[in-house]
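Engineer: Sequence:
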Amino acid sequence: MREEILLNQTNALQLEKLYRGNKPGFKSAFNALYPELSSNPLAEGWYQRLNYSSDELFWGTPAERAFVVVASLLAALLAKLPELLSISEEFYYPRNAGFIVAPALMAYFAWKNAVSWKTRGLAILLLVASVVFINWLPQNEKSDTLVLSCLHLPLWLWSLLGAAYSGGKWKNGAHWLEFLRYTGELIVMSGLLVLAGGLTTGLTINLFGLIGWDIQSLFSKYIVICGLAAVPIVATFLTRVQPTLVSKIPSVIAKLFSPVALVMLVAYLIATLIAGKSPYHDREFLVLFNGLLVAVMALIFFSLAETDHAGGNRVQIVVLFLLSAVTLLVNSIALSAVLFRISEWGLTPNRAAVLGANVLMLAHLFYVGLKLFAVLSKKTGLSVVGASLAIFLPLYSIWSAVVIFVFPFVFGFK
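Under numbering that gives the first Met the number 0, the first residue of the sequence shown carries the number 0, and numbering increases by one thereafter.
Don't take every hint at face value.
[Unchecked claim] Taking lysine to aspartate or glutamate and the EDC-like style, the derived pairs with C-alpha atoms no more than 16 angstroms apart in a straight line are:
{"#": "1", "residue 1": "16", "residue 2": "35"}
{"#": "2", "residue 1": "111", "residue 2": "63"}
{"#": "3", "residue 1": "220", "residue 2": "63"}
{"#": "4", "residue 1": "22", "residue 2": "3"}
{"#": "5", "residue 1": "247", "residue 2": "140"}
{"#": "6", "residue 1": "413", "residue 2": "143"}
{"#": "7", "residue 1": "413", "residue 2": "177"}
{"#": "8", "residue 1": "26", "residue 2": "43"}
{"#": "9", "residue 1": "220", "residue 2": "3"}
{"#": "10", "residue 1": "79", "residue 2": "63"}
{"#": "11", "residue 1": "141", "residue 2": "89"}
[Claimed, not checked] For each label pair, taking beta carbons as the anchor points, the in silico distance ranges come out as:
{"#": "12", "residue 1": "20", "residue 2": "284", "range": "30 to 36 angstroms"}
{"#": "13", "residue 1": "44", "residue 2": "259", "range": "38 to 44 angstroms"}
{"#": "14", "residue 1": "34", "residue 2": "196", "range": "48 to 54 angstroms"}
{"#": "15", "residue 1": "191", "residue 2": "27", "range": "17 to 23 angstroms"}
{"#": "16", "residue 1": "68", "residue 2": "358", "range": "57 to 63 angstroms"}
Treat the hints as calculated values from the structure; they're not laboratory data. Where a beta carbon is used, it is the ideal one built from N, C-alpha and C, also for glycine.
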(Lines of atoms letter the chains of each structure in order from A; the text may use other names.)
(Lines give C-alpha, C1' and ligand atoms only; values in the text may rest on other atoms or scores of the structure.)
Protein backbone atom coordinates (compact mmCIF):
# COMPACT_ATOMS: atom_id res chain seq x y z
CA MET A 0 0.00 0.00 0.00
CA ARG A 1 2.84 2.43 0.84
CA GLU A 2 4.46 1.80 -2.55
CA GLU A 3 1.17 2.20 -4.39
CA ILE A 4 0.49 5.52 -2.66
CA LEU A 5 3.98 6.81 -3.48
CA LEU A 6 3.65 5.75 -7.12
CA ASN A 7 0.25 7.44 -7.49
CA GLN A 8 0.69 10.46 -5.22
CA THR A 9 -0.39 12.80 -8.04
CA ASN A 10 -3.07 10.51 -9.48
CA ALA A 11 -6.33 11.42 -7.77
CA LEU A 12 -8.37 8.65 -9.45
CA GLN A 13 -5.95 5.87 -8.50
CA LEU A 14 -5.70 7.13 -4.93
CA GLU A 15 -9.48 7.01 -4.68
CA LYS A 16 -9.49 3.42 -5.96
CA LEU A 17 -6.83 2.43 -3.44
CA TYR A 18 -8.83 4.05 -0.64
CA ARG A 19 -12.10 2.34 -1.59
CA GLY A 20 -10.31 -1.01 -1.90
CA ASN A 21 -8.87 -0.95 1.63
CA LYS A 22 -9.87 2.06 3.72
CA PRO A 23 -8.14 1.13 7.04
CA GLY A 24 -4.93 0.06 5.29
CA PHE A 25 -4.91 3.15 3.12
CA LYS A 26 -5.39 5.49 6.08
CA SER A 27 -2.63 3.83 8.11
CA ALA A 28 -0.15 3.84 5.24
CA PHE A 29 -1.00 7.37 4.14
CA ASN A 30 -0.63 8.86 7.62
CA ALA A 31 2.79 7.19 7.92
CA LEU A 32 3.84 8.66 4.56
CA TYR A 33 2.34 12.10 5.05
CA PRO A 34 5.53 13.81 6.38
CA GLU A 35 7.19 12.94 3.04
CA LEU A 36 4.19 14.15 1.00
CA SER A 37 3.18 17.27 2.94
CA SER A 38 4.29 19.60 0.15
CA ASN A 39 1.87 17.92 -2.27
CA PRO A 40 -1.51 19.81 -2.36
CA LEU A 41 -3.34 16.57 -3.25
CA ALA A 42 -1.74 14.81 -0.27
CA GLU A 43 -2.73 17.70 2.00
CA GLY A 44 -6.35 17.31 0.88
CA TRP A 45 -6.26 13.57 1.53
CA TYR A 46 -4.71 14.07 4.97
CA GLN A 47 -7.46 16.48 6.01
CA ARG A 48 -10.11 14.13 4.62
CA LEU A 49 -8.78 11.07 6.43
CA ASN A 50 -8.21 12.77 9.77
CA TYR A 51 -11.08 15.22 10.00
CA SER A 52 -13.24 14.95 13.10
CA SER A 53 -15.97 17.33 14.17
CA ASP A 54 -15.59 18.77 17.65
CA GLU A 55 -19.26 18.33 18.41
CA LEU A 56 -22.45 17.13 16.78
CA PHE A 57 -24.41 19.74 14.89
CA TRP A 58 -28.02 19.92 15.99
CA GLY A 59 -29.31 22.47 13.52
CA THR A 60 -29.83 26.19 13.80
CA PRO A 61 -31.97 27.75 16.56
CA ALA A 62 -34.64 28.46 13.94
CA GLU A 63 -34.71 24.79 12.89
CA ARG A 64 -34.96 23.59 16.48
CA ALA A 65 -37.76 26.06 17.18
CA PHE A 66 -39.60 24.87 14.08
CA VAL A 67 -39.37 21.24 15.20
CA VAL A 68 -40.71 22.07 18.66
CA VAL A 69 -43.63 24.13 17.33
CA ALA A 70 -44.45 21.62 14.58
CA SER A 71 -44.36 18.72 17.06
CA LEU A 72 -46.72 20.56 19.41
CA LEU A 73 -49.11 21.31 16.54
CA ALA A 74 -48.99 17.66 15.42
CA ALA A 75 -49.77 16.57 18.99
CA LEU A 76 -52.68 19.04 19.08
CA LEU A 77 -54.08 17.66 15.81
CA ALA A 78 -53.69 14.10 17.14
CA LYS A 79 -55.78 15.00 20.22
CA LEU A 80 -58.38 16.98 18.28
CA PRO A 81 -61.12 14.29 18.53
CA GLU A 82 -60.93 14.43 22.33
CA LEU A 83 -60.78 18.23 22.47
CA LEU A 84 -63.71 18.79 20.08
CA SER A 85 -65.70 15.62 20.83
CA ILE A 86 -65.22 14.25 17.31
CA SER A 87 -65.72 10.55 16.65
CA GLU A 88 -62.35 8.81 16.50
CA GLU A 89 -63.77 6.35 13.93
CA PHE A 90 -64.56 9.32 11.71
CA TYR A 91 -61.45 11.44 12.36
CA TYR A 92 -58.41 9.17 12.29
CA PRO A 93 -59.03 7.14 9.09
CA ARG A 94 -59.62 10.38 7.16
CA ASN A 95 -57.16 12.75 8.81
CA ALA A 96 -54.22 10.73 10.13
CA GLY A 97 -52.02 11.85 7.22
CA PHE A 98 -52.78 15.52 7.85
CA ILE A 99 -51.33 15.32 11.36
CA VAL A 100 -47.73 15.38 10.09
CA ALA A 101 -47.76 16.00 6.30
CA PRO A 102 -48.38 19.79 6.43
CA ALA A 103 -45.54 20.27 8.95
CA LEU A 104 -43.09 18.26 6.84
CA MET A 105 -44.16 20.10 3.68
CA ALA A 106 -43.70 23.45 5.43
CA TYR A 107 -40.23 22.40 6.63
CA PHE A 108 -38.98 21.50 3.14
CA ALA A 109 -40.70 24.49 1.54
CA TRP A 110 -38.81 26.70 4.00
CA LYS A 111 -35.45 24.94 3.66
CA ASN A 112 -35.64 24.76 -0.15
CA ALA A 113 -36.87 28.34 -0.58
CA VAL A 114 -39.94 27.25 -2.55
CA SER A 115 -41.64 30.13 -4.37
CA TRP A 116 -44.78 31.60 -2.86
CA LYS A 117 -46.72 30.61 -5.97
CA THR A 118 -45.80 26.97 -5.42
CA ARG A 119 -46.52 27.27 -1.68
CA GLY A 120 -49.95 28.69 -2.48
CA LEU A 121 -50.70 25.77 -4.82
CA ALA A 122 -49.58 23.26 -2.18
CA ILE A 123 -51.78 24.92 0.48
CA LEU A 124 -54.71 24.89 -1.95
CA LEU A 125 -54.26 21.17 -2.65
CA LEU A 126 -53.94 20.40 1.06
CA VAL A 127 -57.07 22.37 1.97
CA ALA A 128 -59.00 20.79 -0.91
CA SER A 129 -57.91 17.33 0.25
CA VAL A 130 -58.94 18.01 3.86
CA VAL A 131 -62.34 19.37 2.84
CA PHE A 132 -63.06 16.59 0.34
CA ILE A 133 -62.06 13.61 2.49
CA ASN A 134 -64.11 14.94 5.42
CA TRP A 135 -67.05 15.78 3.15
CA LEU A 136 -67.44 12.20 1.98
CA PRO A 137 -70.53 10.57 3.56
CA GLN A 138 -69.80 8.38 6.58
CA ASN A 139 -70.66 4.84 5.56
CA GLU A 140 -68.67 1.93 6.95
CA LYS A 141 -69.74 -0.22 3.99
CA SER A 142 -68.63 2.32 1.37
CA ASP A 143 -65.74 0.90 -0.65
CA THR A 144 -64.99 4.27 -2.24
CA LEU A 145 -64.60 5.87 1.20
CA VAL A 146 -62.19 3.14 2.32
CA LEU A 147 -60.22 3.44 -0.93
CA SER A 148 -60.00 7.23 -0.59
CA CYS A 149 -58.68 6.91 2.96
CA LEU A 150 -56.17 4.23 1.93
CA HIS A 151 -54.83 6.24 -1.04
CA LEU A 152 -54.71 9.57 0.80
CA PRO A 153 -51.28 8.88 2.44
CA LEU A 154 -49.80 8.16 -1.02
CA TRP A 155 -51.25 11.43 -2.32
CA LEU A 156 -49.85 13.36 0.64
CA TRP A 157 -46.49 11.58 0.21
CA SER A 158 -46.34 12.80 -3.40
CA LEU A 159 -47.15 16.37 -2.31
CA LEU A 160 -44.35 16.08 0.25
CA GLY A 161 -42.07 14.91 -2.58
CA ALA A 162 -42.90 18.04 -4.56
CA ALA A 163 -42.02 20.20 -1.53
CA TYR A 164 -38.81 18.19 -1.00
CA SER A 165 -37.77 18.86 -4.59
CA GLY A 166 -38.36 22.59 -4.20
CA GLY A 167 -41.39 22.48 -6.45
CA LYS A 168 -39.39 20.93 -9.30
CA TRP A 169 -41.50 17.79 -9.48
CA LYS A 170 -40.39 16.96 -13.04
CA ASN A 171 -36.76 16.52 -11.92
CA GLY A 172 -36.04 12.77 -11.73
CA ALA A 173 -32.90 13.25 -9.62
CA HIS A 174 -34.95 15.03 -6.94
CA TRP A 175 -37.47 12.17 -6.85
CA LEU A 176 -34.63 9.69 -6.33
CA GLU A 177 -33.29 11.81 -3.47
CA PHE A 178 -36.80 11.88 -2.05
CA LEU A 179 -36.96 8.07 -2.16
CA ARG A 180 -33.69 7.91 -0.22
CA TYR A 181 -35.03 10.41 2.30
CA THR A 182 -38.16 8.25 2.69
CA GLY A 183 -36.00 5.22 3.44
CA GLU A 184 -33.96 7.16 5.99
CA LEU A 185 -37.17 8.55 7.53
CA ILE A 186 -38.60 5.04 7.95
CA VAL A 187 -35.38 3.80 9.59
CA MET A 188 -35.04 6.79 11.94
CA SER A 189 -38.75 6.70 12.83
CA GLY A 190 -38.45 3.01 13.63
CA LEU A 191 -35.51 3.67 15.93
CA LEU A 192 -37.36 6.50 17.70
CA VAL A 193 -40.49 4.36 18.13
CA LEU A 194 -38.37 1.49 19.49
CA ALA A 195 -36.60 3.80 21.95
CA GLY A 196 -39.92 5.38 22.92
CA GLY A 197 -41.50 1.97 23.44
CA LEU A 198 -38.70 0.86 25.73
CA THR A 199 -38.90 4.12 27.69
CA THR A 200 -42.68 3.82 27.98
CA GLY A 201 -42.52 0.25 29.24
CA LEU A 202 -39.81 1.13 31.78
CA THR A 203 -41.67 4.22 33.02
CA ILE A 204 -45.01 2.44 33.43
CA ASN A 205 -43.40 -0.46 35.31
CA LEU A 206 -41.36 1.84 37.57
CA PHE A 207 -44.48 3.71 38.61
CA GLY A 208 -46.26 0.38 39.02
CA LEU A 209 -43.69 -0.64 41.62
CA ILE A 210 -44.83 2.19 43.87
CA GLY A 211 -48.50 1.41 43.31
CA TRP A 212 -49.29 4.04 40.67
CA ASP A 213 -51.12 2.80 37.55
CA ILE A 214 -50.27 5.40 34.89
CA GLN A 215 -50.66 3.16 31.83
CA SER A 216 -53.97 4.62 30.68
CA LEU A 217 -52.88 8.24 31.25
CA PHE A 218 -49.46 7.70 29.67
CA SER A 219 -50.90 5.98 26.59
CA LYS A 220 -53.66 8.54 26.19
CA TYR A 221 -51.41 11.59 26.15
CA ILE A 222 -47.67 10.90 26.04
CA VAL A 223 -47.75 8.00 23.58
CA ILE A 224 -50.20 9.56 21.12
CA CYS A 225 -48.47 12.96 21.17
CA GLY A 226 -45.06 11.29 20.88
CA LEU A 227 -46.12 9.20 17.87
CA ALA A 228 -47.45 12.33 16.15
CA ALA A 229 -44.08 14.05 16.61
CA VAL A 230 -41.92 11.08 15.50
CA PRO A 231 -41.88 11.80 11.71
CA ILE A 232 -41.06 15.48 12.35
CA VAL A 233 -38.21 14.74 14.75
CA ALA A 234 -36.95 11.94 12.49
CA THR A 235 -36.89 14.28 9.49
CA PHE A 236 -34.98 16.88 11.48
CA LEU A 237 -32.40 14.31 12.58
CA THR A 238 -31.87 12.96 9.06
CA ARG A 239 -31.30 16.50 7.79
CA VAL A 240 -28.93 17.83 10.46
CA GLN A 241 -27.14 14.50 11.09
CA PRO A 242 -27.21 12.75 7.70
CA THR A 243 -24.49 10.26 8.68
CA LEU A 244 -26.63 8.79 11.50
CA VAL A 245 -28.76 6.59 9.25
CA SER A 246 -27.60 7.29 5.68
CA LYS A 247 -25.87 3.90 5.36
CA ILE A 248 -28.57 1.80 7.02
CA PRO A 249 -31.09 1.76 4.12
CA SER A 250 -28.30 0.69 1.77
CA VAL A 251 -27.32 -2.17 4.09
CA ILE A 252 -30.96 -3.24 4.49
CA ALA A 253 -31.41 -3.18 0.71
CA LYS A 254 -28.34 -5.32 0.15
CA LEU A 255 -29.33 -7.81 2.84
CA PHE A 256 -33.02 -8.20 2.09
CA SER A 257 -33.04 -8.13 -1.73
CA PRO A 258 -31.64 -11.69 -2.05
CA VAL A 259 -33.78 -12.80 0.91
CA ALA A 260 -36.89 -11.41 -0.79
CA LEU A 261 -35.94 -13.15 -4.04
CA VAL A 262 -35.60 -16.56 -2.36
CA MET A 263 -38.76 -16.00 -0.30
CA LEU A 264 -40.80 -14.98 -3.35
CA VAL A 265 -39.71 -17.98 -5.41
CA ALA A 266 -40.36 -20.34 -2.48
CA TYR A 267 -43.79 -18.75 -1.91
CA LEU A 268 -44.81 -19.22 -5.55
CA ILE A 269 -43.75 -22.88 -5.45
CA ALA A 270 -45.57 -23.42 -2.14
CA THR A 271 -48.69 -21.78 -3.57
CA LEU A 272 -48.70 -24.21 -6.50
CA ILE A 273 -48.20 -27.19 -4.19
CA ALA A 274 -50.95 -26.02 -1.80
CA GLY A 275 -53.34 -25.43 -4.69
CA LYS A 276 -54.22 -21.90 -3.61
CA SER A 277 -55.63 -19.71 -6.37
CA PRO A 278 -56.05 -15.91 -6.40
CA TYR A 279 -58.71 -16.34 -9.10
CA HIS A 280 -61.40 -17.62 -6.74
CA ASP A 281 -60.08 -16.78 -3.26
CA ARG A 282 -60.58 -13.05 -2.58
CA GLU A 283 -58.61 -12.98 0.67
CA PHE A 284 -55.69 -14.74 -1.01
CA LEU A 285 -55.75 -12.19 -3.84
CA VAL A 286 -55.63 -9.36 -1.28
CA LEU A 287 -52.63 -11.02 0.40
CA PHE A 288 -51.04 -11.56 -3.01
CA ASN A 289 -51.33 -7.87 -3.85
CA GLY A 290 -50.04 -6.86 -0.42
CA LEU A 291 -46.97 -9.04 -0.99
CA LEU A 292 -46.54 -7.46 -4.41
CA VAL A 293 -46.61 -3.92 -3.02
CA ALA A 294 -44.08 -4.82 -0.28
CA VAL A 295 -41.62 -6.36 -2.76
CA MET A 296 -42.10 -3.45 -5.18
CA ALA A 297 -41.21 -1.02 -2.40
CA LEU A 298 -38.09 -3.06 -1.57
CA ILE A 299 -37.04 -3.01 -5.25
CA PHE A 300 -37.53 0.74 -5.50
CA PHE A 301 -35.58 1.53 -2.34
CA SER A 302 -32.85 -0.92 -3.35
CA LEU A 303 -32.52 0.72 -6.76
CA ALA A 304 -32.47 4.19 -5.22
CA GLU A 305 -29.66 3.19 -2.85
CA THR A 306 -27.77 1.27 -5.56
CA ASP A 307 -27.92 4.27 -7.90
CA HIS A 308 -26.66 6.50 -5.09
CA ALA A 309 -23.83 4.34 -3.79
CA GLY A 310 -23.03 2.34 -6.89
CA GLY A 311 -23.61 -1.37 -7.07
CA ASN A 312 -21.57 -4.39 -8.06
CA ARG A 313 -22.70 -6.86 -10.68
CA VAL A 314 -24.08 -9.33 -8.13
CA GLN A 315 -26.43 -6.68 -6.72
CA ILE A 316 -27.66 -5.78 -10.19
CA VAL A 317 -28.25 -9.46 -11.03
CA VAL A 318 -30.23 -9.96 -7.79
CA LEU A 319 -32.36 -6.87 -8.46
CA PHE A 320 -32.96 -7.96 -12.07
CA LEU A 321 -34.07 -11.44 -10.97
CA LEU A 322 -36.22 -9.97 -8.21
CA SER A 323 -37.83 -7.63 -10.75
CA ALA A 324 -38.46 -10.55 -13.11
CA VAL A 325 -40.07 -12.72 -10.42
CA THR A 326 -42.13 -9.77 -9.15
CA LEU A 327 -43.22 -9.14 -12.74
CA LEU A 328 -44.51 -12.72 -12.83
CA VAL A 329 -46.37 -12.21 -9.53
CA ASN A 330 -47.83 -8.97 -10.87
CA SER A 331 -48.99 -10.70 -14.05
CA ILE A 332 -50.75 -13.40 -12.03
CA ALA A 333 -52.42 -10.79 -9.81
CA LEU A 334 -53.49 -8.73 -12.84
CA SER A 335 -54.95 -11.77 -14.63
CA ALA A 336 -56.81 -12.72 -11.43
CA VAL A 337 -58.33 -9.23 -11.19
CA LEU A 338 -59.38 -9.32 -14.85
CA PHE A 339 -60.91 -12.76 -14.30
CA ARG A 340 -62.92 -11.56 -11.31
CA ILE A 341 -64.10 -8.48 -13.24
CA SER A 342 -65.25 -10.66 -16.17
CA GLU A 343 -67.05 -13.05 -13.81
CA TRP A 344 -68.61 -10.70 -11.25
CA GLY A 345 -68.39 -7.22 -12.77
CA LEU A 346 -66.50 -4.03 -12.01
CA THR A 347 -66.46 -2.74 -8.43
CA PRO A 348 -64.50 0.14 -6.86
CA ASN A 349 -62.05 -2.29 -5.24
CA ARG A 350 -61.43 -4.21 -8.45
CA ALA A 351 -61.01 -1.02 -10.45
CA ALA A 352 -58.48 0.35 -7.95
CA VAL A 353 -56.49 -2.89 -7.86
CA LEU A 354 -56.64 -3.16 -11.67
CA GLY A 355 -55.24 0.34 -12.17
CA ALA A 356 -52.50 -0.17 -9.58
CA ASN A 357 -51.50 -3.53 -11.09
CA VAL A 358 -51.34 -2.13 -14.62
CA LEU A 359 -49.19 0.76 -13.43
CA MET A 360 -46.84 -1.49 -11.45
CA LEU A 361 -46.61 -3.98 -14.33
CA ALA A 362 -45.56 -1.25 -16.77
CA HIS A 363 -43.10 0.18 -14.24
CA LEU A 364 -41.53 -3.19 -13.44
CA PHE A 365 -41.19 -4.04 -17.13
CA TYR A 366 -39.52 -0.70 -17.85
CA VAL A 367 -37.15 -0.99 -14.87
CA GLY A 368 -36.36 -4.59 -15.82
CA LEU A 369 -35.39 -3.53 -19.33
CA LYS A 370 -33.01 -0.91 -17.94
CA LEU A 371 -31.47 -3.39 -15.50
CA PHE A 372 -30.92 -5.82 -18.37
CA ALA A 373 -29.25 -3.02 -20.33
CA VAL A 374 -26.91 -2.42 -17.36
CA LEU A 375 -26.07 -6.12 -17.19
CA SER A 376 -25.40 -6.06 -20.94
CA LYS A 377 -23.11 -3.07 -20.35
CA LYS A 378 -25.15 -0.96 -22.75
CA THR A 379 -25.90 1.75 -20.20
CA GLY A 380 -25.08 2.92 -16.66
CA LEU A 381 -26.91 2.83 -13.33
CA SER A 382 -28.02 6.43 -13.72
CA VAL A 383 -30.46 5.31 -16.44
CA VAL A 384 -31.99 2.79 -14.01
CA GLY A 385 -32.45 5.59 -11.49
CA ALA A 386 -34.16 7.71 -14.12
CA SER A 387 -36.46 4.80 -15.04
CA LEU A 388 -37.38 4.51 -11.37
CA ALA A 389 -38.16 8.19 -10.95
CA ILE A 390 -40.15 8.71 -14.13
CA PHE A 391 -43.12 6.65 -12.89
CA LEU A 392 -43.41 8.17 -9.40
CA PRO A 393 -45.60 11.13 -10.51
CA LEU A 394 -47.91 8.61 -12.22
CA TYR A 395 -48.55 6.90 -8.87
CA SER A 396 -49.46 10.31 -7.50
CA ILE A 397 -51.93 10.91 -10.34
CA TRP A 398 -53.50 7.48 -9.84
CA SER A 399 -53.91 8.05 -6.10
CA ALA A 400 -55.65 11.36 -6.87
CA VAL A 401 -58.01 9.60 -9.31
CA VAL A 402 -58.97 7.02 -6.68
CA ILE A 403 -59.48 9.66 -3.98
CA PHE A 404 -61.32 12.37 -5.90
CA VAL A 405 -62.93 10.61 -8.91
CA PHE A 406 -63.91 7.12 -7.77
CA PRO A 407 -66.56 8.29 -5.26
CA PHE A 408 -68.47 10.07 -8.05
CA VAL A 409 -67.96 7.36 -10.70
CA PHE A 410 -69.23 4.62 -8.40
CA GLY A 411 -71.91 6.65 -6.67
CA PHE A 412 -70.19 6.71 -3.25
CA LYS A 413 -70.68 2.94 -2.96
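Engineer: Can you tell me whether the CB distance of residue 44 to residue 259 sits inside 38 to 44 angstroms?
Structural biologist: Given range 38 to 44 angstroms: holds, Cβ gap about 40 angstroms.
Engineer: Does the alpha-carbon distance linking residue 413 and residue 177 stay inside the 16 angstroms limit?
Structural biologist: Given pair residue 413, residue 177 is violated - Cα atoms ~38 angstroms apart, limit 16 angstroms.
Engineer: With a cut-off of 16 angstroms on the C-alpha distance, tell me whether residue 413 and residue 143 pass.
Structural biologist: 6 angstroms, holds
Engineer: For the pair supplied as a hint, residue 16 and residue 35, is the alpha-carbon distance within the 16 angstroms limit?
Structural biologist: Since the Cα atoms of residue 16 and residue 35 sit roughly 21 angstroms apart, the hinted pair is violated (cutoff 16 angstroms).
Engineer: Given the hinted pair residue 141 and residue 89, is their Cα-Cα distance within 16 angstroms?
Structural biologist: This hinted pair holds, its Cα atoms lying about 13 angstroms apart.
Engineer: Next pair to validate is residue 247 with residue 140; report whether the Cα-Cα distance is within 16 angstroms.
Structural biologist: 43 angstroms, violated
Engineer: Is 30 to 36 angstroms a correct range for the gap between the Cβ atoms of residue 20 and residue 284?
Structural biologist: 49 angstroms, violated
Engineer: Compare the distance between the alpha carbons of residue 220 and residue 3 with 16 angstroms, and conclude whether the hinted pair is satisfied.
Structural biologist: 63 angstroms, violated
Engineer: Regarding residue 191 and residue 27, is the given constraint of 17 to 23 angstroms on their beta-carbon distance met?
Structural biologist: 32 angstroms, violated
Engineer: Given the hint that residue 111 pairs with residue 63, does the C-alpha gap stay at or below 16 angstroms?
Structural biologist: 9 angstroms, holds
Engineer: Taking only the CA atoms, is the gap from residue 22 to residue 3 under or equal to 16 angstroms?
Structural biologist: 14 angstroms, holds
Engineer: Under the criterion that the straight-line Cα-Cα distance not exceed 16 angstroms, is the pair residue 26, residue 43 satisfied?
Structural biologist: With a Cα-Cα distance of about 13 angstroms, the restraint between residue 26 and residue 43 holds, given a limit of 16 angstroms.
Hint compliance for this structure: hints 1, 3, 5, 7, 9, 10, 12, 15, 16 are broken, all remaining hints hold.
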